[in-house]
Structures are given as structure tokens and as C-alpha cells.
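Everything in the sequence shown is counted per this note's numbering, starting at 3 for the first residue and increasing by one.
These are computed hints drawn from the structure, not numbers from a lab.
For every residue, glycine included, the Cβ atom is placed at its ideal position computed from N, Cα and C.
Please note that the accuracy of each hint is not assured.
Said to hold, decoys possible - Each pair of labels, with its calculated beta carbon distance range: (1) Gln35 - Ser250: 38 to 44 Å; (2) Glu197 - Ala30: 22 to 28 Å; (3) Lys140 - Ala22: 37 to 43 Å; (4) Ala174 - Leu11: 21 to 27 Å.
What the hints assert, rightly or not - Keeping only pairs whose Cα atoms sit at most 30 Å apart, straight-line, the calculated DSBU-like set for lysine-lysine is: (5) Lys6 - Lys31; (6) Lys85 - Lys256; (7) Lys36 - Lys53; (8) Lys238 - Lys141.
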Amino acid sequence: MNTKPNILLEVAALSMRLSAQYLQPYSAKFSPQKFTQPQLLTCLILRAYLKTTYRGVIELLQAAPPLQDALQLTRLPHYSTLKYFADRSNVAEITNLLLAEIIRRFEPSATEVAIDSTGLETTAASAHFQSRSGKARKKYVKLSVCVLVGSLLPAGVIASWGPTNDKQQAYALIERAAESVTPARLYADAGYDAEWVHELCREHWGTESIIKPAVHRRDGGINGKYRSQMTPETLKEKQYGRRWSVESFMSALKRTTGSMLSARSERALFVEATLRVLAYALRR
Numbered sequence: 003m004n005t006k007p008n009i010l011l012e013v014a015a016l017s018m019r020l021s022a023q024y025l026q027p028y029s030a031k032f033s034p035q036k037f038t039q040p041q042l043l044t045c046l047i048l049r050a051y052l053k054t055t056y057r058g059v060i061e062l063l064q065a066a067p068p069l070q071d072a073l074q075l076t077r078l079p080h081y082s083t084l085k086y087f088a089d090r091s092n093v094a095e096i097t098n099l100l101l102a103e104i105i106r107r108f109e110p111s112a113t114e115v116a117i118d119s120t121g122l123e124t125t126a127a128s129a130h131f132q133s134r135s136g137k138a139r140k141k142y143v144k145l146s147v148c149v150l151v152g153s154l155l156p157a158g159v160i161a162s163w164g165p166t167n168d169k170q171q172a173y174a175l176i177e178r179a180a181e182s183v184t185p186a187r188l189y190a191d192a193g194y195d196a197e198w199v200h201e202l203c204r205e206h207w208g209t210e211s212i213i214k215p216a217v218h219r220r221d222g223g224i225n226g227k228y229r230s231q232m233t234p235e236t237l238k239e240k241q242y243g244r245r246w247s248v249e250s251f252m253s254a255l256k257r258t259t260g261s262m263l264s265a266r267s268e269r270a271l272f273v274e275a276t277l278r279v280l281a282y283a284l285r286r
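Please take these sequences and the hints and turn them into a complete structure.
In C-alpha cells, the structure reads:
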């Protein structure tokens, strides 16, 4: 009788294989060496995927021997060990390295990408509730992601505080994505509309940028060598509607891993947010 594969076991196994390529077994020569860095990182990925706490993921491992086997654990770490590892390791950099490796393995010939951002809440009160209650949504974690059109695999991610203009994260996001993919075309909405963004994509990344222009002039004119080319006819010809791939990714990410973060400090919030993107990529 055929049974469906266990997604948690697959995510854990793939995480262990990929992270072993970029992490030394132990962080220091004279460390206790009770748990390897790939094991601890995989625990953090499972925590992000399951929307649970450090204690929660340890309790899950305790109740799931097959998951312990996938992580090659002979004993369980204390939840504080996971917290210390998340605080001291460069998880954001590791996350993008693993995303790049996933792209190289499973989608090396990607031809189109789309970029956009979304917000993750740091409180149990949703954005909708806050707006209905009359309270301003002052601060949230902003995830800026570059996604492959079609496969919806993320090629790069940046975590920052929002609300901010999308162009503030555009340079770092494009630089991150360029480490793993050089697509023929990039799609973005008007939040990324700037001549320098077009120049970065076309002249440095070698990627054609298709960005809906934001019209600021009274006469409706658009300045710039590349911005002026973004007419409605050009957008239609270049299939601008494919930008919705990144919207689909954001929606699926939140449905799968949630839209509320459980961490409290800035560093921990950014780590949890980026790990959710990695966990979702491993799941796909």
C-alpha cells in the first residue's frame, strides 16, 4: 500500500544534507561536541516551519523517534542550546547560502524572477484587528524575497523592519539573488520603480528589468532611459502579469508557516523570519 511521504522527515533530511556542505560539524575545536551545527540548524528550521517555540520543537523531537533518526540525534538538546546557537551564528548568511544551493540543484536554468515584500507580525494582534481598532500598525518584520517564476523557489531573502519603501532593500536583495541565479528577466511592482534599480539589473546583473512605473509628474511623463520604456504596451508584451508568482509565494509561505513570529528580540525575529523562507523552500 502506497503511503504519502512524510514532509517533516523530508525537510529534516534535506536540511541535514545541504547544511553539512556549508557548516563545520562543530563551531570550535574545544566545544562540547554534543550536537553538530547541521543538527542545531535543522532544529531551528523545523521550529520555524512548525510555528512553535524552542521548547516546542524539542518536545516534538522527543515524541518522534523517526525525526530523531533523520537528524542523527542520540540525545536531545536542551531548548536553551537552540537559542544560544540562533543568537551567535550567522543564520541569515547561512540561509541565503542554502537557498543558493537549492537553486543550483533543482532549478539551475531559471530564466525569470520576481521580487516583492511582505510583513510578518510581532504580536498576536493581526494587522486587520489593529486597523479595525483604530491603532496604527507601527512596526513589523519586513521580508523582501526574490522568487523564481514557475517553481516559486526563493533565490534570496532580506529581513528588515517595516514599514519602509521597498527600494531601501532592493540593492541588498538583488545582490543576494545574483549569487545564485542570473535570469533573463526580473519583474517588480511600482514600489521598486527607480532608474538605478533598472541600471543595477540590466548593467550589472545582466537581467532585463520589467518594473511598473510610478507616475509622479502632472503630465504623466516618465523620466529615465529605462523607466521611460515601461509603457503599458511594453508591460503587456513582456508578460508583466507573471510578477504575480511572487504574490503566490508570499501567500503560500504565510499559509504554511504563519504570519506571526514568536521571537522577541530583533535578531531572533529576523532569524525566525528568514528561516521560515528556507523551511518553505526545503518543503517545496
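Comparing the hints with the structure gives:
no.: 1; hint: Gln35 - Ser250: 38 to 44 Å; verdict: 43 Å, holds
no.: 2; hint: Glu197 - Ala30: 22 to 28 Å; verdict: 47 Å, violated
no.: 3; hint: Lys140 - Ala22: 37 to 43 Å; verdict: 41 Å, holds
no.: 4; hint: Ala174 - Leu11: 21 to 27 Å; verdict: 34 Å, violated
no.: 5; hint: Lys6 - Lys31; verdict: 41 Å, violated
no.: 6; hint: Lys85 - Lys256; verdict: 23 Å, holds
no.: 7; hint: Lys36 - Lys53; verdict: 26 Å, holds
no.: 8; hint: Lys238 - Lys141; verdict: 36 Å, violated
The structure fails to meet hints 2, 4, 5, 8 from the earlier list, while all remaining hints are met.
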